[in-house]
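Line order of the protein sequences matches chains F and Y.
If you read the first sequence in this note's numbering, its first letter stands for residue 1, the second for the next number, and so on.
If you read the second sequence in this note's numbering, its first letter stands for residue 788, the second for the next number, and so on.
Accuracy of the hints is not assured; some may be wrong.
Here are the simulated lysine-lysine pairs, DSBU-like style, with alpha carbons at most 35 Å apart [as the list claims (entries may be wrong)]:
hint : chain 1 : residue 1 : chain 2 : residue 2
1    : Y       : LYS830    : F       : LYS759
2    : F       : LYS401    : F       : LYS100
3    : Y       : LYS888    : F       : LYS274
4    : F       : LYS591    : F       : LYS240
5    : F       : LYS331    : F       : LYS401
6    : F       : LYS591    : F       : LYS471
7    : F       : LYS447    : Y       : LYS888
8    : F       : LYS653    : F       : LYS759
9    : F       : LYS67     : Y       : LYS888
10   : F       : LYS100    : Y       : LYS888
11   : F       : LYS179    : F       : LYS67
12   : F       : LYS67     : F       : LYS100
13   : F       : LYS67     : F       : LYS331
14   : F       : LYS274    : Y       : LYS830
15   : F       : LYS331    : F       : LYS179
16   : F       : LYS653    : F       : LYS401
17   : F       : LYS240    : F       : LYS179
18   : F       : LYS18     : F       : LYS493
No lab work stands behind these hints: they were computed from the structure.
Since the model is a prediction, treat every value here as computed from it, not as a measurement.
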Amino acid sequence: MTAVEEEKPVGHGRMLRKEDPRFVRGRGRYVDDVQLPGMLHLAILRSPMAHARIVSIDTSAAQAHPKVVAVVTGADLAEKGLAWMPTLSNDVQAVLATDKVRFQGQEVAFVVAEDHYAARDALELIDVEYDMLDPVVDVRSALAQGAPVVRDDLEDKADNHIFDWETGDADAAEAVFAKADVVVTEDIVYPRVHPAPMETCGSVADFDPVEGRLTLWSTTQAPHAHRTLYAMVAGLPEHKIRVIAPDIGGGFGGKVPIYPGYVCSIVASLVVGKPVKWVEDRSENLISTGFARDYIMRGEIAATRDGRILGIRTNVLADHGAFNAQAAPTKYPAGFFGVFTGSYDIEAAHAKLTAVYTNKAPGGVAYACSFRITEAVYLVERIVDCLAHELDVDPVQLRLKNLIKPEQFPYTTKTGWVYDSGDYEPTLREAMRIADYDELRREQAEKRARGELMGIGLSFFTEAVGAGPRKDMDILGLGMADGCELRVHPTGKAVVRLSVQTQGQGHETTFAQIVAEEIGIPVDDIDVVHGDTDQTPFGLGTYGSRSTPVSGAAAALVARKVRDKARIIASGMLEASVADLEWTKGAFSVKGDPERSVTIQEIALRAHGAGDLPEGIEGGLDAQICYNPENLTYPHGAYICVVDIDPGTAQVKVRRFVAVDDCGTRINPMIIEGQVHGGLTDGVGMALMEMISFDEDGNCLGGSLMDYLLPTALEVPEWETGYTVTPSPHHPIGAKGVGESATVGSPPAVVNAVVDALKPFGVRHADMPLTPSRVWEAMNGHAKPSF
Amino acid sequence: MQVPAPFEYERATSVDHAIGLLDRLGESARLVAGGHSLLPMMKLRLTDLEYLIDINGLHGELGYVRREGDEVRIGAMTRHRELLESEILAELFPVFMEAEKVIADPIVRNRGTIGGSLCQADPSEDLSAVCGALDAVCVIRGADGERLVPMEEFHVGPYETAVAPGEMLVEVRLPVRPGGCSAFEKVERRVGDWAVVSAAAAVWIDQGAFTDARVGLAAVGGDTVGVGGIAEALRGQRPSEELYTRAGEIAAQSCDPATDARGSAEYKRHLAKELTRRTLRRAVAGTGRA
């Protein structure tokens, strides 16, 4: 029995996760576990080519397969007006290709059969004739004169341009760059990566033709938003659609979009009148679902000779793939990339971004990116290190000199973001203390003298999470506010219903703890219900680290609403005025007379009981609210990475990693640490090995987990975590999001460490992933290899 | 879930039974040993076999590592894990244990076999380099009996071996010579990945001078199961850093790597040199211990 179990808190504190017994015992229930009577199986035929016109599709042989029930092509969907669907970025995406295929792996047709094997076999019987077209693969030439046009389906579209976006003040930036002593420019690529969740995407659609009711089990991070979109697209009334997200095996943003496969399963169930299951395989997941990053950035930083940063500006080319399907708030086409000024108090900033179509899978916002803050933080933390390199100063000292000071909060950045709170220097000092930074530098100097390659990398990040205020933020017109409902049963047990959906974050524990802290009911007596649109209030779901900032606030406030009502009922029970009551967690007592008290459980029984309640008070002890956040929350952190590089083979070994996170009030430190551990592992993976690459024909080279490398326990060190606490001033319990902090903050720390190790070779920058080959290329003066 | 196309399955009960099946079913049949290469190919529908002949039942007959006179004989169905744990190999050919530690992962090593590895003939496969360095001889059996093929002639191209239709690899023989030791080095992007480059070296030393030295490389293209010219360069000489570098240069010259996701051709050529030096250096150091 561990200390954790013995001292289970009534409220915030370290405790084991309530949901884990079912996961560790193999009793989780995922979409692929759903079995319904008469259920059929759907498999999707995908394009083998990146860019080709469809000449003809012959499905007759597949139709003749004895176990095949239906074969559907884009032409069939077009007859129903369902061949195209809206994306979350106001573009359209083909459900099944009608005119041409635009990326390798695009959906072309589907088969519904009696079993999964037959469905797969029948795919090979479909004969598609393609007329190959030149693909747009290199994003740098996508806008060149004469480049093939990917989206000729769009009216008057004659190029591959999607949008331009700008933030900051170009003139002000120009002015500070003109007066600066030092200007450093660096081309920095954040390669295309994939979140690769353990569970791939899938759905089971069950349309009841008698009731006209659709039930959809789906791997979704946003069941309510999906329901509304299905209603809008498929023409089914919203109250007749129930979306259920059961246990989800990892989302990381990759399960925010609506994929063609979900729509295909719905169409199939509508057509055949039976439940239809679609679950993609690993290769389909890697080649067709939401990728992440793919930003080609030119970063520029201007500073005084003594290391005062004056301005940062950047020019970005963004590869959005064949359809603009990134999931970001409507007014933020580049997500929250605008926070690229980082944690520094500077005079001016400007960014310009151009997004283009290419013949690659759509997506762009995924892999725990906090709406593109991964890219922003990588840019600023890399370019600040480049400046340190040029000025030949310690990167810690350069950052200390420029960090925003505590008295400057709330701090409005030069791109208009209002950082709610922060006290940066103590966080950085804590990371240095844990790492013993000065000793590391001394060791490094010794090793360098012996020709050994040791690197120390730092990143200091500020995140912007918890989207968001509905005046600014919506997705396809749906405001990013979230509901929460709390019911306290007569025996004092409670159920809290959330609009956000866990994919492994531990919501069933964290949200029970939030409620327990507010109303004093033990955590084990509070059930968390989520992931079912019929059972939970409306809200936009879990991504962008928004659950605790938005729904966490909702849970705290709905509990306070219940507590306020309980106080009135207690005043009747204790025959004392409301003002004379005192709340100690779990009970009201009369001030000065602590013997006269009632527990929340006694109040619950009274609320549902036979006796009279105070005048004007309804029976029951339930409440519901919808929380509209006032601002985002801005967690921050300081990370220090230590690497050793074998000078002969250029292999990088991450020896140590210190992560000090400040996410405000800490609800369950164990869950926070778990989130941080996962994110750091992601970061090491991205920095050292992960990349979705393509050959010149647009063939995806990362279509299996043998080709797309994910880090294992053997590539990462024992994580060393620490924390500081700067509560959010506007969040009811002072909490900030933390789910993506480590994924956002760790890649630059690793890369900075590798580049630091290579300082004897004069290396200032090298692009991810820093495979042994790339490190060796950098050591040999070719930081940007051709592959 | 990735699922294979339909196929017929039969479980062989003896080597002769397996050979009989191969003979009868022709080229549409494939043997499956550990299955860690073939089954993924089937699931990805990259192979059009119609018959699968499962030889896992032959582990009793073909799963062994034993010393016979001046040879160590390894049965083709010996699993990676058994190679890793073999005391005979650990004592005589440490290169095996060093290679097995970094081949794939424990799940693969529990099932995969030496015969399957050599017959898959993947250019990035590690054991071929090991067997090349150790001057192994492969025993191939068919309906007409057995024939012996030296490791250097066993691979006739990527994914192609000297095993003819109707034949199977049944044993690998390693000559035991006095004064020998061996070592293995591998660079990989991640644990369990295929090698960017791997190298195996075996040396034999008598009275302070090389009597023989062999190096096998994997994942560098060309015919590098046994790198030519190294024995000639080292034989009769006393070990030195200069010699290791010389051998490394020979290795780098004799390979023909391709640029791919695992690394640039230049880097792989560099590794051929660096890993040859390292394995020779360690193998020589090991001869003192034996």
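Proposed proximity, F:LYS401 with F:LYS331 (alpha carbon, max 35 Å): holds, 34 Å
Satisfaction of hint between F:LYS759 and Y:LYS830, Cα-Cα up to 35 Å: Between Y:LYS830 and F:LYS759 the Cα gap is close to 46 Å, so the pair fails against 35 Å, i.e. violated.
Given hint F:LYS331 paired with F:LYS67 - CA-CA distance at most 35 Å: violated, 48 Å
Hinted pair F:LYS179 and F:LYS67, Cα distance within 35 Å: Measuring from Cα to Cα gives roughly 74 Å; hence the hint is violated.
Pair hint outcome, Y:LYS888 versus F:LYS274 [Cα-Cα no greater than 35 Å]: violated, 51 Å
Hint consistency between F:LYS240 and F:LYS179 [alpha-carbon to alpha-carbon, up to 35 Å]: Roughly 63 Å separates the two Cα atoms, so the pair is violated.
35 Å Cα cutoff - pair F:LYS100, Y:LYS888: Measuring from Cα to Cα gives roughly 48 Å; hence the hint is violated.
35 Å Cα cutoff - pair F:LYS67, Y:LYS888: violated, 46 Å
Satisfaction of hint between F:LYS759 and F:LYS653, Cα-Cα up to 35 Å: holds, 17 Å
Holds or violated: F:LYS18 to F:LYS493, with C-alpha atoms at most 35 Å apart: Roughly 15 Å separates the two Cα atoms, so the pair holds.
Hinted pair F:LYS274 and Y:LYS830, Cα distance within 35 Å: Holds, because 28 Å separates the two Cα atoms, which is no more than 35 Å.
Proposed proximity, F:LYS179 with F:LYS331 (alpha carbon, max 35 Å): holds, 33 Å
Taken one by one, the earlier hints fail for this structure at numbers 1, 2, 3, 4, 6, 9, 10, 11, 13, 17, listed in ascending order.
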